[in-house]
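Protein chains in written order, with my numbering: chain A, 236 to 426; chain B, 236 to 426; chain C, 236 to 426; chain D, 236 to 426.
These are computed hints drawn from the structure, not numbers from a lab. Just to be clear, a hint being listed does not mean it is correct.
[Claimed, not checked] Every beta carbon over 12 Å from chain D, so not counted as near; a handful from chain C, in silico:
1) 255
2) 256
3) 262
4) 287
5) 295
6) 314
7) 321
8) 326
9) 335
10) 344
11) 393
12) 394
[Stated by the list, open to error] Distance windows between CB atoms, simulated:
13) A:249 - B:262: 23 to 33 Å
14) C:361 - B:335: 23 to 33 Å
15) C:331 - D:333: 50 to 60 Å
[Said to hold, decoys possible] With a straight-line Cα cutoff of 30 Å, these simulated DSS-like cross-link-like pairs (lysine-lysine) come out:
16) B:271 - A:271
17) B:342 - B:303
18) C:271 - C:342
19) D:342 - D:303
20) D:271 - C:271
21) C:303 - C:271
Each residue gets a CB set at the ideal place from its N, CA and C atoms; glycine is no exception.
Okay, here's what each chain looks like letter by letter:
4 protein chains.
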Amino acid sequence: MTKAMTHNYASVAPELQISDWLNTSQPLTLASLRGKVIVLHAFQMLCPGCVQFGIPQAQRIYEEFDPKRIAVIGLHTVFEHHEVMGPDALEVFAYEYRLRFPIGIDKYEGERRQGLPLTMGAYQMQGTPTLILIDKAGCVRLHKFGHVNDLMLGFSIGALLSEEIDGAAEAAAATQESTANTACDADGCGV
Amino acid sequence: MTKAMTHNYASVAPELQISDWLNTSQPLTLASLRGKVIVLHAFQMLCPGCVQFGIPQAQRIYEEFDPKRIAVIGLHTVFEHHEVMGPDALEVFAYEYRLRFPIGIDKYEGERRQGLPLTMGAYQMQGTPTLILIDKAGCVRLHKFGHVNDLMLGFSIGALLSEEIDGAAEAAAATQESTANTACDADGCGV
Amino acid sequence: MTKAMTHNYASVAPELQISDWLNTSQPLTLASLRGKVIVLHAFQMLCPGCVQFGIPQAQRIYEEFDPKRIAVIGLHTVFEHHEVMGPDALEVFAYEYRLRFPIGIDKYEGERRQGLPLTMGAYQMQGTPTLILIDKAGCVRLHKFGHVNDLMLGFSIGALLSEEIDGAAEAAAATQESTANTACDADGCGV
Amino acid sequence: MTKAMTHNYASVAPELQISDWLNTSQPLTLASLRGKVIVLHAFQMLCPGCVQFGIPQAQRIYEEFDPKRIAVIGLHTVFEHHEVMGPDALEVFAYEYRLRFPIGIDKYEGERRQGLPLTMGAYQMQGTPTLILIDKAGCVRLHKFGHVNDLMLGFSIGALLSEEIDGAAEAAAATQESTANTACDADGCGV
Numbered sequence: 236m237t238k239a240m241t242h243n244y245a246s247v248a249p250e251l252q253i254s255d256w257l258n259t260s261q262p263l264t265l266a267s268l269r270g271k272v273i274v275l276h277a278f279q280m281l282c283p284g285c286v287q288f289g290i291p292q293a294q295r296i297y298e299e300f301d302p303k304r305i306a307v308i309g310l311h312t313v314f315e316h317h318e319v320m321g322p323d324a325l326e327v328f329a330y331e332y333r334l335r336f337p338i339g340i341d342k343y344e345g346e347r348r349q350g351l352p353l354t355m356g357a358y359q360m361q362g363t364p365t366l367i368l369i370d371k372a373g374c375v376r377l378h379k380f381g382h383v384n385d386l387m388l389g390f391s392i393g394a395l396l397s398e399e400i401d402g403a404a405e406a407a408a409a410t411q412e413s414t415a416n417t418a419c420d421a422d423g424c425g426v
Numbered sequence: 236m237t238k239a240m241t242h243n244y245a246s247v248a249p250e251l252q253i254s255d256w257l258n259t260s261q262p263l264t265l266a267s268l269r270g271k272v273i274v275l276h277a278f279q280m281l282c283p284g285c286v287q288f289g290i291p292q293a294q295r296i297y298e299e300f301d302p303k304r305i306a307v308i309g310l311h312t313v314f315e316h317h318e319v320m321g322p323d324a325l326e327v328f329a330y331e332y333r334l335r336f337p338i339g340i341d342k343y344e345g346e347r348r349q350g351l352p353l354t355m356g357a358y359q360m361q362g363t364p365t366l367i368l369i370d371k372a373g374c375v376r377l378h379k380f381g382h383v384n385d386l387m388l389g390f391s392i393g394a395l396l397s398e399e400i401d402g403a404a405e406a407a408a409a410t411q412e413s414t415a416n417t418a419c420d421a422d423g424c425g426v
Numbered sequence: 236m237t238k239a240m241t242h243n244y245a246s247v248a249p250e251l252q253i254s255d256w257l258n259t260s261q262p263l264t265l266a267s268l269r270g271k272v273i274v275l276h277a278f279q280m281l282c283p284g285c286v287q288f289g290i291p292q293a294q295r296i297y298e299e300f301d302p303k304r305i306a307v308i309g310l311h312t313v314f315e316h317h318e319v320m321g322p323d324a325l326e327v328f329a330y331e332y333r334l335r336f337p338i339g340i341d342k343y344e345g346e347r348r349q350g351l352p353l354t355m356g357a358y359q360m361q362g363t364p365t366l367i368l369i370d371k372a373g374c375v376r377l378h379k380f381g382h383v384n385d386l387m388l389g390f391s392i393g394a395l396l397s398e399e400i401d402g403a404a405e406a407a408a409a410t411q412e413s414t415a416n417t418a419c420d421a422d423g424c425g426v
Numbered sequence: 236m237t238k239a240m241t242h243n244y245a246s247v248a249p250e251l252q253i254s255d256w257l258n259t260s261q262p263l264t265l266a267s268l269r270g271k272v273i274v275l276h277a278f279q280m281l282c283p284g285c286v287q288f289g290i291p292q293a294q295r296i297y298e299e300f301d302p303k304r305i306a307v308i309g310l311h312t313v314f315e316h317h318e319v320m321g322p323d324a325l326e327v328f329a330y331e332y333r334l335r336f337p338i339g340i341d342k343y344e345g346e347r348r349q350g351l352p353l354t355m356g357a358y359q360m361q362g363t364p365t366l367i368l369i370d371k372a373g374c375v376r377l378h379k380f381g382h383v384n385d386l387m388l389g390f391s392i393g394a395l396l397s398e399e400i401d402g403a404a405e406a407a408a409a410t411q412e413s414t415a416n417t418a419c420d421a422d423g424c425g426v
């Protein structure tokens with residue numbers, strides 16, 4: 236139905252693997268957010284498309300929707316230029332841009348920040364910005380590399396929020412027939 | 236939950252009273268659209284806020300959503316400067332702005348185009364632009380004078396589209412507890 | 236030097252032929268504005284590109300620059316749909332859009348509003364919006380059908396305003412060597 | 236005449252003090268650019284106002300104007316968060332944002348990057364973004380902390396470019412009577 240919906244099967248969203256958090260007093264897990272719709276926004280602080288579109292959009296969602304129903308999570312998925320986008324730089328960035336939503340720093344295999352971080356890999360993301368919607372039952376229902384416009388994103392959030400948790404599971408199973416939102420299959424997103 | 240939701244009770248949407256249609260080969264009625272979510276956008280062609288925000292938004296909705304599920308209807312509710320916003324002028328306007336969605340010209344009491352037109356009066360609209368969302372069961376669920384941003388409007392459409400028709404009726408009855416969208420009571424919108 | 240400068244020779248700007256004025260207590264003539272730089276913005280009230288770009292730009296120039304040095308004149312050059320863009324409609328349009336700069340209604344040959352109006356013809360304009368810059372000496376120095384961005388338009392105004400009147404005449408004669416702005420030749424703009 | 240012109244006397248522009256350059260094969264000096272109008276854009280790579288407005292504007296000027304007449308220079312004036320806006324980070328930033336104009340990194344007193352850098356101090360800048368226009372004779376003619384709109388900036392560039400070098404010196408001396416552009420006095424800008 237919409238350009239935003241690019242995948243056909245819903246799969247359980249892999250748990251976040253985070254080395255550090257900003258804007259939250261305690262670590263978040265997807266498991267602990269069951270029952271909420273989760274807007275996961277993966278970005279890099281020096282990615283122009285993220286700074287211009289994705290991050291302001293995440294901030295708008297955070298400001299306009301009820302946090303008891305819709306959780307906005309930023310995910311800093313640095314896969315290039317690691318040396319200049321470390322935790323200190325991100326902290327300054329989030330402070331200067333007045334970001335208020337929780338931001339997790341994607342973890343690396345081993346001690347060094349290098350290569351693709353773990354959550355980014357688990358979701359088979361193609362780059363930044365990437366927007367992922369996770370339903371109340373914990374399934375990925377939308378996975379989009381690039382820009383999703385406000386109209387379609389609002390629509391998808393509204394549709395997901397309206398689902399009963401059981402309904403969400405069914406919808407996830409129903410694949411293409413689902414109203415408006417589908418995502419990666421059990422084997423991933425086929426980058 | 237959101238600024239877009241400004242009224243508390245859902246009521247049956249008054250039927251449109253239209254003197255003429257553009258962009259449709261046959262007259263539309265709300266009754267014939269039962270089962271669809273209806274986006275009713277009331278405007279005047281020389282209203283700057285309509286031209287800048289409301290009309291492009293209606294056009295975007297028309298282009299991005301499935302017409303089998305979501306009906307976009309423009310309503311030309313001329314309540315001032317009637318002499319220069321007649322049907323001929325509107326036709327040129329719609330042509331020059333390449334509007335594609337159906338537009339109904341709101342009817343007047345009697346022969347002359349003067350005063351407040353009938354549909355505008357029946358909905359107790361306060362001015363233009365006014366955005367009205369009607370659910371699958373034919374109830375007004377959002378009534379907003381002014382601008383509704385894309386994120387909230389998309390959200391409301393997504394929520395309404397997810398309702399079962401019976402569910403819609405229930406939600407309409409449930410008033411304030413409804414997820415995200417409520418509207419005028421049976422007696423109107425209390426302008 | 237810039238995309239804004241599309242013609243090579245300066246010519247004396249044809250006098251305006253105006254049937255009626257808005258936003259000025261007395262008719263304006265180019266002759267009476269010698270010594271000022273004139274920004275002549277030709278538009279039609281139902282031309283989307285005019286409403287979105289050209290008219291707001293004219294309004295900005297009117298608000299930001301000193302009217303003793305820079306005169307902004309709107310020119311309503313209706314060459315199509317004459318019946319719905321008459322003086323009454325224009326008056327409502329200017330009122331609703333809160334336009335403050337003087338607007339002249341381009342005159343027609345004969346009594347009827349039909350075909351190409353006279354000033355539009357004299358300048359050999361290709362359509363609307365058209366932007367014309369006239370120097371202190373009364374010569375056309377920029378003639379552009381379509382959009383000129385603020386940076387280049389500001390630049391051209393700054394350059395023209397800096398000219399001495401004698402200098403303006405010389406610059407007009409100097410053709411391609413002129414700093415930044417040239418326009419139609421003595422025979423017109425070669426539409 | 237315009238909001239952009241906020242200072243009353245022109246002064247000789249202090250020479251740049253640069254530790255390193257991007258986007259130029261050889262170091263630039265103001266002295267070597269005499270005869271050109273110089274647009275000096277001081278920014279920090281993690282300053283939101285710079286990223287959103289100032290830097291794209293500098294890029295537009297660089298792309299639209301003749302480099303033989305108008306020199307655009309970026310000046311990275313890091314006065315806070317030095318550790319995360321070092322040369323390596325700037326290089327990534329300039330690469331990712333596809334900046335093409337020459338960028339000088341403002342130098343510090345001593346070896347360490349700390350406190351206010353030297354050029355920023357010499358110009359008594361109040362923060363970032365700061366826009367400085369330098370005339371053909373090497374005098375500061377506009378000094379603005381914050382945003383200058385394209386219309387006024389284009390205007391000022393056009394006016395300065397039209398000056399003869401002798402005229403520039405005179406205009407600098409003429410203070411308030413100058414057409415459109417004035418700047419800091421000999422003692423500085425009175426932060």
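Hint by hint, here is what the structure shows:
1. 255: Consistent with the label, residue 255 (chain C) stays out of reach of chain D, its closest Cβ about 29 Å off (over 12 Å).
2. 256: holds (25 Å)
3. 262: Fine: 27 Å to the nearest Cβ keeps residue 262 (chain C) off the interface.
4. 287: holds (17 Å)
5. 295: violated (6 Å)
6. 314: holds (28 Å)
7. 321: holds (32 Å)
8. 326: holds (27 Å)
9. 335: Holds: least Cβ distance 16 Å, greater than 12 Å.
10. 344: holds (36 Å)
11. 393: violated (3 Å)
12. 394: violated (4 Å)
13. A:249 - B:262: 23 to 33 Å: Taking Cβ atoms as reference, residue 249 (chain A) and residue 262 (chain B) lie about 52 Å apart, which means the hint is violated.
14. C:361 - B:335: 23 to 33 Å: holds (27 Å)
15. C:331 - D:333: 50 to 60 Å: Between residue 331 (chain C) and residue 333 (chain D), where Cβ atoms are some 41 Å apart, the hint is violated.
16. B:271 - A:271: Roughly 27 Å between the alpha carbons, so the hint for residue 271 (chain B) and residue 271 (chain A) holds.
17. B:342 - B:303: Distance ~27 Å between residue 342 (chain B) and residue 303 (chain B) Cα, so the pair holds.
18. C:271 - C:342: holds (24 Å)
19. D:342 - D:303: holds (27 Å)
20. D:271 - C:271: holds (27 Å)
21. C:303 - C:271: holds (7 Å)
Hints 5, 11, 12, 13 and 15, counting from the list given before, are not met by this structure.
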